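**Student:** Take a look at the letters that make up each chain.
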Amino acid sequence: MATAAVDNDNKNLWGGGVEPMKVSYGKLMMWFFLLSDALSFSGLLITYGTIRYSHDAYNGLIDKFVFSDTYWPVPEKVFTHIPFTHTPFPLVFVGIMTFILIMSSVTMVLAVEAGHRNDKNDVQKWLLWTILGGIAFVGCQAWEWTIFITGSEEGRMLYDGSIFHGANLRANEYGPVPFADLFFFITGFHGTHVTSGIIINIIVFYNTAIGTYEQRGHYEMVEKVGLYWHFVDLVWLFVFTFFYLV
Amino acid sequence: MSHAHHESTPSLHVHPKDPAKIRKVWVTAGILAFVTGIEFICAFTMHRGPFLTSIFVLLTFVKTFYIVGEFMHLKYEAKILIWSIVLPVMFIIWLITALLMEGGYIFVERGMIFN
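So the protein lines, in turn, are chains P and Y. With the first letter of the first sequence counted as 1, position 215 gets the number 215 in the numbering used here; the numbers rise by one all the way through. Numbers given in the numbering used here equal positions in the second sequence, counted from 1, plus 1000.
One should not assume that every hint holds.
[What the hints assert, rightly or not] According to the in silico footprint, chain P covers these stretches of chain Y (three or more CB under 8 Å from chain P):
| no. | segment |
| --- | --- |
| 1 | 1055–1064 |
| 2 | 1073–1084 |
[To be verified] The list that follows gives simulated cross-link-like pairs (lysine-lysine, PhoX-like), each with its CA atoms no further than 25 Å apart:
| no. | chain 1 | residue 1 | chain 2 | residue 2 |
| --- | --- | --- | --- | --- |
| 3 | Y | Lys1075 | Y | Lys1017 |
| 4 | P | Lys125 | P | Lys224 |
| 5 | Y | Lys1024 | P | Lys22 |
| 6 | P | Lys224 | Y | Lys1024 |
| 7 | Y | Lys1079 | Y | Lys1017 |
| 8 | P | Lys64 | Y | Lys1079 |
| 9 | P | Lys22 | Y | Lys1079 |
| 10 | P | Lys125 | Y | Lys1079 |
| 11 | P | Lys64 | P | Lys77 |
| 12 | Y | Lys1075 | P | Lys27 |
| 13 | Y | Lys1021 | Y | Lys1079 |
| 14 | Y | Lys1075 | P | Lys77 |
| 15 | Y | Lys1021 | P | Lys22 |
| 16 | Y | Lys1017 | P | Lys125 |
| 17 | P | Lys77 | Y | Lys1024 |
| 18 | P | Lys224 | P | Lys64 |
| 19 | P | Lys27 | Y | Lys1017 |
| 20 | Y | Lys1075 | Y | Lys1024 |
| 21 | P | Lys64 | Y | Lys1017 |
| 22 | P | Lys224 | Y | Lys1079 |
| 23 | P | Lys64 | Y | Lys1075 |
| 24 | P | Lys27 | Y | Lys1024 |
| 25 | Y | Lys1024 | Y | Lys1079 |
| 26 | P | Lys27 | P | Lys125 |
| 27 | Y | Lys1024 | P | Lys125 |
| 28 | P | Lys224 | P | Lys22 |
| 29 | Y | Lys1021 | P | Lys224 |
No lab work stands behind these hints, which were simulated from the structure alone. It should be emphasised that the depicted structure is a prediction, and the values quoted were computed from it without experimental measurement. We treat Cβ as the ideally placed atom computed from N, Cα and C, and that holds for glycine.
Let the hints inform the model, and build the full structure from the sequences given.
**Tutor:** Have a look at this one:
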């Protein structure tokens, strides 16, 4: 919409009728929504960092590590299970989940790219892969939660002498109470985002299939949900680093 | 299901694929997978401590750059849009740093009070 004549005149640039940031209203608002969403996730991240640093870290040998209330657990000793086996594979399951989400981001980029070319069939194909990737990720997360909540067979003795297996919001076998609380809140908040992303993707897939965007003349809606999907992927990378690796 | 009806709707002109663009997407994906791989290796081979943590943070920012820059296309947007997003995020990063220090302080103080 912007014309060269208006671009040169800064006053007119912000006077209305043109797009000063050279993106459409919808895309711009998606960017600012993502910024505000980044603020809410930062709130959780800040809480996590502050609480973790106000607890003692485990300083002994990694092989001698046992679960205790007195220090923050080492994540690679907590997240060791993968489905269908009892052999410990530290962090492998989250590694797979990360891979799934990155791949679904790639298929989303390809859907956006197909949208630029007005290629309805390709948009449908890649959106469908993205939806499948999202569902696979949420499925893995449900499994991860189940493993975390069920806990080990041995469990751990709490202060009152009882043996506790797994985790809930009030007690857990892995370490201090806030560890499990933060796990549920942070991965749960992220999982909610992925779930709503899947629903939005399904709606956009449906609209593509019935030809809504073809009639509209452009596939910008795919770009907008694409931005959201990449943001959710990005948040997971931060969760992965700060909750599972550090 | 509605492929057969394409002719009746105002059909858009389908442009051909640009192999260079698609290659770039896969290269970016490869970089992301590679960096995650390095993080994995570091997690199992290096001693835990501030040094390893800073490697993780640094590599996460590398991945952020590729996802936001390439996948979300921010690198190619107008300068003013880039700064509208990046500047607030820089303040967030400062807040995180500040509250990590605050957490460490709470830990030290608690030790003094209860021991």
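**Student:** Against each hint, give a clear statement of whether it holds in the structure.
**Tutor:** Here is how each hint holds up against the structure:
1. Remark: the segment 1055–1064 of chain Y is confirmed as covered by chain P, as 6 of its residues place a Cβ nearer than 8 Å to a Cβ of that chain, reaching the required three.
2. For the segment 1073–1084 of chain Y, the stated coverage by chain P holds: 5 residues have a C-beta nearer than 8 Å to a C-beta of that chain, and at least 3 were required.
3. Distance check on the hinted pair: lysine 1075 of chain Y and lysine 1017 of chain Y sit about 22 Å apart at the alpha-carbon level, within 25 Å; holds.
4. Taking the CA atoms of lysine 125 of chain P and lysine 224 of chain P, the gap is about 18 Å. The hint holds against a cut of 25 Å.
5. Distance restraint check for lysine 1024 of chain Y and lysine 22 of chain P: the Cα-Cα separation of roughly 23 Å lies within the 25 Å cut-off, and the hinted pair is therefore satisfied.
6. Among the hinted pairs, lysine 224 of chain P with lysine 1024 of chain Y is consistent with the structure: their alpha-carbon atoms are about 21 Å apart, no more than 25 Å.
7. A threshold of 25 Å between alpha carbons decides the hint, and for lysine 1079 of chain Y with lysine 1017 of chain Y the separation of about 28 Å lies outside it, so the pair is violated.
8. A distance of roughly 52 Å separates the Cα atoms of lysine 64 of chain P and lysine 1079 of chain Y; the hinted pair therefore is violated under the 25 Å criterion.
9. Of the supplied pair hints, the one linking lysine 22 of chain P and lysine 1079 of chain Y holds, its CA atoms being roughly 10 Å apart against a limit of 25 Å.
10. A C-alpha spacing of about 33 Å is found between lysine 125 of chain P and lysine 1079 of chain Y, which places the hinted pair above 25 Å, so the restraint is violated.
11. Under the criterion of a C-alpha separation no larger than 25 Å, the hint pairing lysine 64 of chain P with lysine 77 of chain P is consistent with the structure, at around 11 Å.
12. Only pairs whose Cα atoms come within 25 Å are accepted, and lysine 1075 of chain Y paired with lysine 27 of chain P is accepted, the gap being roughly 15 Å.
13. For the proposed pair lysine 1021 of chain Y and lysine 1079 of chain Y, the alpha carbon gap of about 22 Å is at most 25 Å, so the pair holds.
14. At roughly 39 Å between alpha-carbon atoms, lysine 1075 of chain Y and lysine 77 of chain P are farther apart than 25 Å, so this suggested pair is violated.
15. For the given pair, lysine 1021 of chain Y sits about 21 Å from lysine 22 of chain P by alpha-carbon distance, which is consistent with the 25 Å threshold.
16. For the proposed pair lysine 1017 of chain Y and lysine 125 of chain P, the alpha carbon gap of about 15 Å is at most 25 Å, so the pair holds.
17. With a C-alpha separation of about 37 Å, the suggested pair lysine 77 of chain P and lysine 1024 of chain Y falls outside the 25 Å cut-off, and the hint is violated.
18. Our distance criterion of 25 Å between C-alpha atoms is broken by lysine 224 of chain P and lysine 64 of chain P, whose separation comes to about 49 Å.
19. Simply put, lysine 27 of chain P and lysine 1017 of chain Y have alpha-carbon atoms about 24 Å apart, close enough for the 25 Å limit, and the pair holds.
20. A hinted pair counts as satisfied when its Cα atoms are at most 25 Å apart, and lysine 1075 of chain Y with lysine 1024 of chain Y qualifies at roughly 14 Å.
21. The straight-line distance between the Cα atoms of lysine 64 of chain P and lysine 1017 of chain Y is roughly 56 Å, outside the 25 Å bound, and the hint therefore fails.
22. A hinted pair counts as satisfied when its Cα atoms are at most 25 Å apart, and lysine 224 of chain P with lysine 1079 of chain Y qualifies at roughly 19 Å.
23. Our distance criterion of 25 Å between C-alpha atoms is broken by lysine 64 of chain P and lysine 1075 of chain Y, whose separation comes to about 47 Å.
24. Between the alpha carbons of lysine 27 of chain P and lysine 1024 of chain Y the distance comes to roughly 23 Å, so the proposed pair stays at or under 25 Å and holds.
25. For a cut-off of 25 Å, the pair hint linking lysine 1024 of chain Y to lysine 1079 of chain Y stands: about 22 Å separates their Cα positions.
26. With a C-alpha separation of about 23 Å, the suggested pairing of lysine 27 of chain P with lysine 125 of chain P holds against the 25 Å cut-off.
27. Of the supplied pair hints, the one linking lysine 1024 of chain Y and lysine 125 of chain P holds, its CA atoms being roughly 19 Å apart against a limit of 25 Å.
28. The straight-line distance between the Cα atoms of lysine 224 of chain P and lysine 22 of chain P is roughly 15 Å, inside the 25 Å bound, and the hint therefore holds.
29. As the CA atoms of lysine 1021 of chain Y and lysine 224 of chain P are separated by approximately 19 Å, the hinted pair is consistent with the 25 Å bound.
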